[in-house]
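**Student:** These protein sequence lines are chains A and B, in that order. Per numbering that gives the first Met the number 0, the very first residue in the first sequence carries number 0; after that it's consecutive. Per numbering that gives the first Met the number 0, the very first residue in the second sequence carries number 0; after that it's consecutive.
Certain hints may be false.
[What the hints assert, rightly or not] To give an idea of the interface, some chain B residues facing chain A are shown, with a C-beta separation under 8 Å as derived from the structure:
| hint | residue |
| --- | --- |
| 1 | Gly13 |
| 2 | Glu49 |
| 3 | Val51 |
[Unchecked claim] Per the computed footprint, the stretches of chain A lying under chain B, defined by three or more beta-carbons under 8 Å from a beta-carbon of chain B, are:
| hint | stretch |
| --- | --- |
| 4 | 31 to 40 |
| 5 | 90 to 102 |
| 6 | 105 to 111 |
| 7 | 504 to 510 |
Everything labelled a hint here was simulated from the structure, so no lab data went into it. Yeah, the Cβ is synthetic: ideal placement off N, Cα and C, and Gly gets one too.
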Amino acid sequence: MMSSRLCYFITEIGIKSVYISPDLNYGAAVHADKWIPILPNTDAALQLAIAYVWLTEGTYDKEYVETHAVGYEPFFDYVLGKAEDGIPKTPAWASEKCGVPEWTIKALARDWAKKVTSIIHGNGGPGIRGPYATEPARLEAILLGMQGLGKPGVHQAKMIEWHIHTPYYPLPYQSKQRPDIAVFAEVVRPPKTDYAGFFAHPPHLLDQSPELKELLKPMEVAPQQSLPKCMVHDAILNGQATWYGLDKFIGPREEQFHLHKFPEEGCSTIHMIWTDSPCMTTCWNDGYRFVKALQSEAIECVVAQHQWLENDCILADIILPVTTKYEQDDLQEEATGGTYEAVYREYPACPPVGESVTDFEAVARVAAKLGKEYYDRYTGNVPTEKLVEMFYNASGLKDYLPYEEFKKDNVVILPPDPDVKNVKPGLREFYEDPEKNPLKTPTGKLEFTSTALQEFFPDDEERPPYPKWIEKGVSHDESLSSERAKKYPLLCVSNHPRWRMHAQCDDITWTREIETMKIRAKDGYQYEPVWLHPSEAEKRGIKHGDIVKVFNERGIVLGAAYVTERIMPRVAYMDHGARFDPIDPNGIDRGGAINLITPTAITSKNATGMVVSGFLVEVQKVTDEEMAEWKKKYPEAFARKIDKATGVCLESWLIQK
Amino acid sequence: MAKAFVIDVSRCSGCYNCQLACKDEHVGNDWTPYAKPQPEIGQFWLKVQENVCGTIPKVKIHYIPKLCNHCEKPSCLESCPQEAIFRREDGFILINPEKCNGCRDCLKACPYNAIYYNEELNIAQKCTGCAHLLDNGYKLPRCVEACPTDAIKFGEVEELQDLIPGAVVMKPETGQKPRVYYRNIPGKFIAGTVYDPVAKEVIIGCRCLLTSGGKVMETYTDAYGDFWFKDLAVGKYDLTLEAKGYARKHFLGLNTAVDINLGDIPLDKE
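Start from the sequences, fold in the hints, and give me the full structure.
**Tutor:** What follows is the structure, encoded as structure tokens:
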């Protein structure tokens with residue numbers, strides 16, 4: 000809602016918003032002055048054509064480019080058709096690839112060049128999770144650079160998780176203290192490299208709580224090896240994996256050039272999985288392959304630690320039921336919402352349900368089974384009240400408000416930083432003086448041609464030194480021009496869900512009644528909506544509300560057709576995160592977990608990321624005969640009890656002995 | 000003294016917080032004598048109606064939160080043979096759940112479909128304006144309180160006098176005099192993009208003349224070659240597109256029973 004209020008503000012002060020997306024998304028629905036529909040994952044083509052218009056019409060900031068950028072000549076040559084491929088990246092060339100009319104591309108390029116323009120993302124969404132998504136991301140930086148990135152009003156921003164990019168984009172309500180309540184795992188296992196301030200607890204804050212530091216000492220057993228989540232299937236099924244970069248998606252640039260392998264020297268392959276976020280099937284890449292990995296002989300035991308018997312839990316051997324935060328005694332900070340920052344004690348709202356215990360307690364009890372010394376080492380036998388104090392003292396607020404004072408109200412709301420307006424936004428300092436305020440690139444400048452990529456991967460055709468349009472490559476073949484598109488002629492776009500938080504909250508009674516959240520089909524089951532343009536639906540004899548199957552070589556996911564003008568032709572749209580409800584866990588899902596059929600390969604050969612949008616599918620109506628056949632073949636899948644309000648009853652997975 | 004709601008549709012971002020907050024207040028909570036619990040699903044004492052208008056890429060969406068209009072002349076009240084429906088001093092129309100016998104005459108009488116039948120309890124139910132809260136010190140009904148964009152305003156009619164002129168009510172022809180007012184519900188639109196098919200360029204500044212029964216409206220295409228005539232009444236319209244050096248183009252008898260996107264319109268050179 001913070002974002003929506005900001006969007007209203009942007010409109011009120013007279014700034015026009017142009018939304019470029021395959022779908023008229025929920026932001027565009029109310030805030031767009033102009034919607035330009037574009038085929039999923041084809042932004043690079045549009046961006047190159049915009050650069051072409053600026054170069055041929057001389058409407059970019061030449062002086063800025065000369066003083067703030069390096070390696071622009073080869074990129075400009077590529078755009079103008081003077082590079083090896085000999086193809087000028089004209090609006091006509093791009094139009095065919097991205098589905099935006101040539102005249103609209105030119106109009107957009109000129110309007111952008113004429114006006115002070117910033118780029119705002121919701122969060123990156125499908126744009127950064129497609130095949131070769133590195134290219135549109137880099138092209139965006141180049142286009143902003145061509146218009147003087149850092150100039151007043153020329154920025155890139157995102158609209159959620161406001162704490163992540165501070166101090167570069169301070170908000171009016173932001174405090175000076177920037178409180179941070181550590182997540183246990185962060186302090187137990189601090190990151191190897193320094194990128195604190197993003198997703199890790201700043202180490203200097205831990206120093207403010209010597210008791211906590213002392214308590215954690217015996218636990219400093221850093222894992223011997225790690226693995227990016229999007230490669231777990233590979234590591235299991237192939238027995239090994241190699242990749243570049245950290246196992247996290249934010250890290251220092253230099254890390255991208257380190258080759259890692261799994262298993263590391265002298266280490267084991269995976270025999271057992273213990274997961275506390277069991278949603279690989281519905282939130283990560285190529286879910287059916289993950290199912291296969293869990294079922295493979297290599298895996299001897301799967302333990303899932305979760306509140307609900309959902310998604311990957313149904314493939315686990317042992318389930319540790321844990322509490323929700325409403326049952327826990329905890330300490331919490333609010334720094335991401337974009338309003339006043341606060342730290343507050345969270346007392347349990349209700350006693351733990353059933354046999355559930357906190358995650359901490361669940362692990363502690365396993366430790367206890369190993370022996371008292373393990374339990375003592377893990378817990379330190381510190382009572383909760385004391386733990387809360389220790390974590391408070393490591394939050395950065397110790398000097399501002401001592402714990403004894405905090406305890407009186409159990410909440411502290413922090414005043415806005417009076418100096419916040421003096422902070423120069425974004426890359427303003429770089430804009431003003433690039434020599435004095437260099438970027439973190441090797442040259443300190445905006446690198447249109449990356450010097451590091453040139454050095455480490457000069458021949459990488461999937462992420463070349465300067466960004467290119469990549470229609471297909473060794474990793475992916477997911478374009479409408481592909482041979483595969485004859486069988487799977489729709490490009491699937493998958494957003495972060497509007498009515499869920501990834502896999503969480505798919506079963507909320509009242510949101511499931513909202514028409515864009517679930518569609519109750521003729522069999523009474525609430526299916527995940529599959530957006531289709533009326534023209535595509537008509538071609539396939541599909542009507543609004545029909546049960547449909549979305550499929551490719553990787554499997555079938557069911558949904559219900561949401562026929563709408565909000566999505567462009569040649570596209571199917573389905574949000575991720577719907578709860579996995581397998582008819583056949585190896586290839587047919589009724590729940591609508593679209594990530595089950597997303598691509599196998601990572602972003603590109605040398606770029607480690609998940610690919611979960613911008614891939615080929617076909618959509619067909621599920622006939623009564625086909626459904627009857629499945630019912631006959633998989634009777635147990637259809638025997639699961641279904642609640643009218645919340646969907647599949649999880650107790651149906653229980654076997655009474 | 001009468002309470003009223005004023006809903007600014009242009010400020011509604013479709014978050015559905017009002018619809019959800021209403022359920023949070025009434026589902027499973029017994030506020031007798033104001034209302035008995037709402038069933039878990041299926042009833043919407045406040046329902047957000049999503050309206051998708053036009054065709055790709057000229058698509059506009061607006062959301063209209065709809066609830067009981069707490070009419071000055073409520074047909075439901077008159078229809079009730081049990082005299083279970085009554086008006087409070089503050090103007091709220093309530094159904095006494097203990098008097099209601101489930102005959103459902105009020106469901107038929109209400110032109111706004113704002114009343115629901117609770118099969119389990121055999122009673123009619125609807126929005127109470129959260130009277131049980133207002134009688135106990137709360138300032139606002141839950142739906143109003145939950146609105147993050149202040150799209151739903153609530154208060155005495157007198158307090159809302161600045162907002163009511165120019166606002167509309169649903170189905171005024173019924174003569175029921177609703178006390179839920181709406182601002183900025185968009186009318187119909189006629190839109191398109193004008194371009195030169197040879198140069199493959201949009202035409203900027205093309206004069207667009209729209210006439211209907213002697214009334215003339217004028218606009219010019221913007222940087223994207225787009226023109227928009229918004230907030231039109233339902234009716235027949237003639238459109239003329241004129242750009243220097245191009246042959247004129249006419250569209251006759253455009254019927255705004257639905258929103259009209261004329262798509263990308265080529266203009267030929269003169």
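**Student:** Now tell me, hint by hint, if it's right for this structure.
**Tutor:** How the hints compare with the structure:
1. Gly13: holds, 6 Å
2. Glu49: holds, 7 Å
3. Val51: holds, 6 Å
4. 31 to 40: Per the Cβ count (4), the hint holds.
5. 90 to 102: Contact hint for the stretch 90 to 102 of chain A vs chain B: holds, 5 residues under 8 Å.
6. 105 to 111: holds (count 5)
7. 504 to 510: holds (count 3)
Going through the hint list in order, the structure satisfies each hint without exception.
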